[in-house]
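S.K.: Sequence:
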Amino acid sequence: MIMKENKFVLSILASVVSLSLMSISAQAEDGISIGGTVRVNYAYKDYDESSKDKAGDLTFDMAAIKFDGKKGDWGLAAEYRFASSTDYIRYGYGYYELNADWQLQFGINKVPFGNPEFISNSFWFGLPYYLGFEDDHDVGIKAVYEHNGWHTDMAFYKNAEYGASENKRYATDLYSGTINGTEYNNEETNQLNLRQTYTFVYDGISTTLGGSFEVGQIYNSKTGNNGDRYAVATHMNASVNGWNLQLQAMQYEFDAADSLDENKIGVSVLSWQYEVASKGQIYSVNFAKTIKTDWGSLKFYNDFGLMTPDVLDTSYDNSMQNVTGLAIASGATYTMVDFIMGKNMTFSTANNDHVGLPEVGDDWDKRININFGYYF
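Residue numbers are given in the UniProt record's numbering: position 140 of the sequence shown equals residue 140, and the series is strictly consecutive.
Hints in this document: simulated from the structure, not taken from any laboratory. Be aware that a few hints might be false.
Keeping only pairs whose Cα atoms sit at most 20 Å apart, straight-line, the calculated DMTMM-like set for lysine to aspartate or glutamate is [to be verified]:
1. K168 to D353
2. K168 to D87
3. K45 to D363
4. K45 to D61
5. K168 to D61
6. K343 to D46
7. K343 to D310
8. K222 to D255
9. K45 to D353
Can you make the complete structure from the sequences, with help from the hints?
M.R.: Shown next, in the form of structure tokens:
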């Protein structure tokens, strides 16, 4: 099994290298450039005896191939990722430049919700990511307008990038399957998004203020009935002299039809599935300081997220995540060193593989994650 995985990794790396060597000629001939990423990851879990005994684990994270190009008013952007045991698309869409202010995107493109780009600085993402509200990509059409500091995104998504029973996906979506004995038959469909931001500069401080709105249906593949869902958010991103502050407050609700338990719903991401509270609020507060150097840059940051469930079951508890880290950029490399603390939070706690459900224990669990990437 190990030899098979090693052969897989080596074949991917060989493909990455050969494609990168071809990228210069490809770009010159047809306007399409090819790039990508190779990353390895070190993880140490303070709450896992095996991890502690081995002083952590160093593993192959992923390799990615990126395509980017434009001919006239038409363009293409895509990224596909290969991990040791799976592979999945992150995004892939064509676009058309209507004029200097408007762009139309068709395909698997980034859902415009929340702070533009990310509501996090770390490899670990922010808490909204784990409920499908950060760096999500779905199948649809998006119109983008930008002029004199104003930025507008309007989008319609027919469905998620993969079927609801598939858990191999880059970003979090609703899941159809059984989790901890509860059967879910939910699919995302017919989603509308609107995000409006405005960026202004005053006394050297660049500030982006904005609001986001999302609404869609939840189709029950077993009964044929539709439920609904929505999310709203306000957000701010301010920068001055290398300092950065991100603030975001949002509310969401998943009201699934014919639900066995209306307090929770199933989601999946990165070849895993778990449950989250069906309604709640999420608050994000992130600080960062970037220092330029002769060889690149250092970014120190702290990302904090709080999720408060708002369901009928009063035993449901808050979920929290705090990531303190350092990002090191030098040449074609980018390394993120993160110290993660989680409470009642999936992926970062020993006994609470969920978000917003009743907590097992009452502890902050801790882990260290170091991700090294080479980008070309």
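S.K.: List in ascending order the numbers of the hints, as given earlier, that are violated by the structure.
M.R.: The structure conflicts with no hint, since it agrees with every one listed earlier.
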